[in-house]
Amino acid sequence: MNLSIILAIAFGGALLTYFSGKISKKARDVLAVLISLVIAVILAFFYNTSSREIFYTGFLDFPLILRIDTFSWFFAFTIAVIGSFSIIFSLSYIRKKGNTDYYYTMMLLVIASMIGIILSGDLVSFYIFWEIMSWSTFLLISYNRGPAIAAGIKYIIMSVTGSVAMLVGIISLYSHYGTVIYTELSGLLYNASSGYTIFIFVLFFIALGIKNAIWPLHVWLPPAHSEAPSPFSAVLSGTLIKIGTYGIILLIYVIVKINVFLNLGEGIVSARYIIAVTGAITILIPTFIALLQDDAKRLLAWSTIAQAGYIILGIAYGTSESVASGMFHFFNHAIFKALLFMVVGAVEYRTNGVRDLNSLGGLIKKMPVTFVGGLIGICGLIGVPLTNGFVSKWLIYKTLIINNSPFLAFAALLGTWGTILYSYKLLHNMFLGQLPEKYEKLERAPFSMQLPIVILSLAIILFGILPGLPLKVINSIESGFGLEPLTINIWGITSDTGTINMLNLFVAVFLIGIMIWLIFKGSKKSAGIGQYDNYAAGTTVPKNKYHYSVDFYGPLHRMISPYLRDFIDDFYMSLARSIKNLGNGIRRIYTGDVGYYAIYIMLFLALLIFIQIKWKLW
Amino acid sequence: MVNPILLIVIPLGLAFVVPLFRFISKKIEKFIPFFALLANLIISLTLFPHVLEKPIHVSIGGFLPPLGINLVAGPLGILFAMLIALVGFLVSIYAFAYIKEKDQEKYHILYLLLLTGATGVVLTGDIFNLFVFFEILCISSYSLVAYFGDKPGIESAVKYLIQGAVGSSLVLIGIGLLYGQFGTLNMADIASNIHSVHSISVFIPLVLLITGFGVEAAIFPLNAWLPDAHSSAPSSISAILSGIAIEVGLYAIVRVVFTLFGASSILTFLLFLGVITLLIGELCAFNQENIKRMLAYSSIGQIGLIVFALSIGSLSGINGGLFQLVSHTLSKALLFLAAGYMIFRSGSMNISSFEGMGKKMPYTSFAFTIGAFSIVGLPPFIGFPGKFMILKAALFEQDILFTILVFLILLATIIEGAYFFRVVQTIYFKGEKSTPGQEREIAPLSVLIPVFIFVGLIVVIGIYPKLITEILESSASELLNRADYIKNILP
Amino acid sequence: MRKLISLILLVIIAGGIVLSLKEIPFGISKIKIGDYYIKKGIEETGATNIVTSVVVSYRGFDTLGEITILFTAAIGLSAVLGTYRKRKAGEKVEPPSFIVKTGCRFLFPILLLVGAYIFIHGHLTPGGGFQGGAIIASAFLLMYLGCEGKRINENTSIVVEVLGALTFIVLGIIGLTIGKDFLFNFLPKGEPNTLLSAGIIPVIYIAIGFKVGSELAGIIDHLIEKNQ
Amino acid sequence: MEIVILILVFLMIVSAIAALIFKDLMNAVIASCVVSLIAAVLFYFLQAPDVAMAEAAIGAALVTGIFVIAVKRTKRFEE
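Read top to bottom, the protein sequences are chains A, B, C and D. Numbering follows my numbering, with no gaps: position 139 of the first sequence is 139. My numbering runs 1000 ahead of the 1-based position in the second sequence. My numbering runs 2000 ahead of the 1-based position in the third sequence. My numbering runs 3000 ahead of the 1-based position in the fourth sequence.
These aren't lab readings, by the way, just hints derived from the structure by calculation. Check the hints yourself; a few may be wrong.
To be verified - Between beta-carbon pairs, the in silico distance windows are: (1) A:Phe610 with B:Leu1401: 41 to 51 Å; (2) C:Leu2004 with A:Arg145: 23 to 33 Å; (3) B:Leu1401 with D:Ala3018: 51 to 61 Å; (4) A:Ser175 with B:Phe1272: 18 to 28 Å; (5) C:Ala2014 with B:Thr1403: 34 to 44 Å; (6) D:Ile3013 with B:Ile1200: 23 to 33 Å; (7) C:Thr2102 with B:Ile1200: 55 to 65 Å; (8) C:Arg2105 with D:Ala3070: 21 to 31 Å; (9) A:Asn581 with B:His1198: 52 to 62 Å; (10) A:Leu556 with B:Gln1398: 19 to 29 Å.
Beta carbons are placed, not taken as given, at the ideal position from N, Cα and C, and that holds for glycine.
Throw the hints in and build the complete structure from the sequences for me.
Next comes the structure, spelled out in structure tokens:
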């Protein structure tokens, strides 16, 4: 089967969806789901194959190439699956809003372009799909209007900034080596001066780092993720920013090659450490900013940045275990972050757009399935054993500790503590505690929302107990990169420095669970308290006067918040303002007085003549 | 084979005939530009394959050059002629519904004359003849800017006229000096006698011509007329001015610098000038609230980019510059046309008055968005290959200077993106979600057809740039191979 | 300050132009195309007035362009004035004095005649269509000054204008259709120094004379009759 | 002959400057008319009768006439 057929289906399907929406709404919904599923299914068939084809020769003199190998399959398949779940989730979510045709088209376009990026075999087609992804995302982020407009403009400006930097990098590579095809480029940088390699690195990292929201380039992400429609936030957080991750892996391990990368600089100032430390900072700062958020989606957005930090840290660290952890964490994060955004989206849907954690609460009885999804999601996010997040985090801690990087390890652990705090806040403030009166009539989430939530929750458990499934794929990717593969089995990893076997763990946890259950069963029953039982301090508080969720972690909040303002964001905003002022200043050249204009013309001419007579410059 | 002179004579003759139609029917006159430009489009398309093989030379009145005047229909000339005919043709369809003022007849005459002048400039092989056609172009655009007869229109037309007249007189002095020195007006003949521009007596005419044509080409600091003129002209004319007129000015400069003088030494200067023009244009557009002024400033920026690309002086640089020129012509014409109809509906040129247009005028808004994305240089639209080729040409110089200039260009691109995306957001996402009574008002067909042909071209060439790269390459080599140009005309 | 700057700039520019002019030999027949015209002009075109042979024949295409410029200017002026016509109420024009009136009436036909003479004899004597047309237009200017209330018929002037231009173009196209170049002088050249010589040159010049005359008169008409 | 031309050139420059200086625009128009007339004469002396004729007809007559109309319709005195 041809790779270009996938793209044809993806892009053609996006357009077709728009026009079918003009005919029948039902047909459009079915078509959108079908297309996204078909892409995922076709991609599944490409498992463990590798092929390469020229799909288009019309663009200037570049033959545009598509290729698939395990590396790109892994990313493409994850993206396609998360994408189709998001579309299923959208079915009821988006029904209340307008412009549904537009929404589905853009959603499919984003997915199509992401798959295009992953499948590209050369940098030019990579760039083309990258830009299509950028603008289609832009058009979707602002879909909700209001604050989403500022979010969209911030996103697209940063995105364009990144992509132009990358374009320079691509063309510079082309002008040096005469090719943009990965396979031909790979290893060519071996002979390049380290200055040039760093130049290329910086250019690409601006683009990839912006997309991946690495710490000083992250500012677009919190508003964009929180203001976008929730199913799209799932795509954004789960997959779109991972395109940046993909690009970084591609750059380091496919184009530059691992040995060149590891030799770039020495010790603390090596590229490897700089990127890893940036990753660590990206874990730390956003984690604690996430703690301060009162908006559920904004909290998740900051959490996304922090988790992306883990991935970068793992990838840049450059040992086979750390890379495996980075890629595995990418996979896990795609699952649980998409899940969490869907959970928040379901709540938002039923409460008519409430995302404020201070005013929600107690929804556990009203939306039980959603609650369970949220619980499993945060377990994965924290890295509780038996969830997939545990394995990837275990790998990264282990690597950092045995390789003598205490600071990085400390950052990673501290990040996890912060993660526990904010994810508990998220779950508690939405589902636990008292139920506000206005939500008493709340219904369960519709089936089309519950279905992806359930499937993704199961996936978290599945890959938590059987980590060998994705690790097998990751292993074959790593051997493709020239890294030493891990020894794995279906239950986990075995190595000299530490073995992880989920089967044992599973049994242990199971037994402990039974013991706890038995203890609870055997001991005296504690009193169950209803959701409205607000008896405290000797008196009953009126139902709506006191809400436990408000000002959660208040003291901590007041303690750390002064240090955690987003200074970077302020910096960018002042940059934008000064450009604006500069523009206004420059516009004063055009005074409106035609006399001056004539003088400009004369000045130009006289200057040229004067210079030539005086210095004979030309 | 068709004689390329028809490209000039047909629209010119028809322009003269238009006043006679008042004795027959007032309804016919608006179709005259349509047919004239259709004919031009067909002729230039039939000439196109011939020209790729060998440039066509036509002498007028039976006098061989350098005695008489000759036309040179090389790839570059036909490329421009095609572009002029195409854009002119589409805009003339747009004008069916757009121009409703009482003196329609005069609009159509002036419109035809403007395009005739532009075609003449790009086809002629005689420097004075070039000046004559340039004047036709300029004078008709002065009066078209003031066509609505409102105060800002008249004011900006007068400013345009003054600056244009200064420029034209400089050109005339330059031509006079050239004639005095070389005793001929034929470009090939002059070119064969100019050996270097180091001598001040050759340099002075060169800078006079660059400055003079630079006024029309809107190079900084000669471009002060442009924001006023482009914003107060009727939108169809803004499209032509932005899409054709300044490009023709640029053609004149390029022709003079490359073919006539072979002045590669001045290219470095033009390189910097281009980047400065680009930055100033984009910075001025950044915080602009008036949509047409914004588009006008953006045209300045684009011209700067084209000047930069052409001044790289390599084959791929000129190639990229010409591609960007085509892309700018199509995209900016589309933007002005789409914006024009939205202005017509909302009654204001303020960007904030476009709120909710995405619902009210879905097709026009869509077209505007495509144009904006194309100008910013996003794939798969025509702006992307253009920008790509320019960057490629600049970085292939492998020079630290070019790398720095490239970063400045990209900075300008980001600024450009910022303000265009802002407008796109305003169109689609700002304002009340949907207020009752907001009916969809779809623009008339005569507006939608040209707008969507532009959209189609932008997408098709954006996806398949090879459609035009062949003629661009031979145009670029025509510019660089000065000796061939001379040899072809003066065997 | 502004004046000073302008002055300095102009001095520099003028200096540059002077430097360039120094290289140009005046009065020496180094102008090679000019030499050729003088030597071969009469033979090739049949027009005794070399200037005319250059203007209408060698560089006839420029002339076509120039009348187009004039046409453009006239149309543009009328388009702008046509829409921007503010009526000033109560503006009174003083009636011309008797002397002016008589003088104008006396001069009007003479000027018409002179103009016509000049453009008809354009290929023989100095002058031609442009000059003749301008003189005719100044005759109309006198008419406006001297004879109150009289004005040219707009439609007539337009028809004359259009026909003049069309004659030029049609003559050009005839040259093209008989297999030669545009504006080819296809009529017999005749005996130099006679009225009926030089092929299409006098025809074109007469057409130009009419066109220029009516056009300039139209411009004057537009300017004067603003308050209609 | 030479002397005559020199005087004419001098007169021409004087009237050109006068045209710039005059505050009464009608006078300035007349002065510029004089410039054109002298130019026409000079062209004639330089053996360019065609140009002389054009200059006389257009520069001296028509342009002056149009300027007079323009001045009458706007303000007569420069501020």
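Each hint, compared with the structure:
no. : hint                                 : in the structure
1   : A:Phe610 with B:Leu1401: 41 to 51 Å  : violated, 24 Å
2   : C:Leu2004 with A:Arg145: 23 to 33 Å  : violated, 56 Å
3   : B:Leu1401 with D:Ala3018: 51 to 61 Å : holds, 53 Å
4   : A:Ser175 with B:Phe1272: 18 to 28 Å  : holds, 21 Å
5   : C:Ala2014 with B:Thr1403: 34 to 44 Å : holds, 41 Å
6   : D:Ile3013 with B:Ile1200: 23 to 33 Å : holds, 27 Å
7   : C:Thr2102 with B:Ile1200: 55 to 65 Å : holds, 59 Å
8   : C:Arg2105 with D:Ala3070: 21 to 31 Å : holds, 25 Å
9   : A:Asn581 with B:His1198: 52 to 62 Å  : violated, 43 Å
10  : A:Leu556 with B:Gln1398: 19 to 29 Å  : violated, 55 Å
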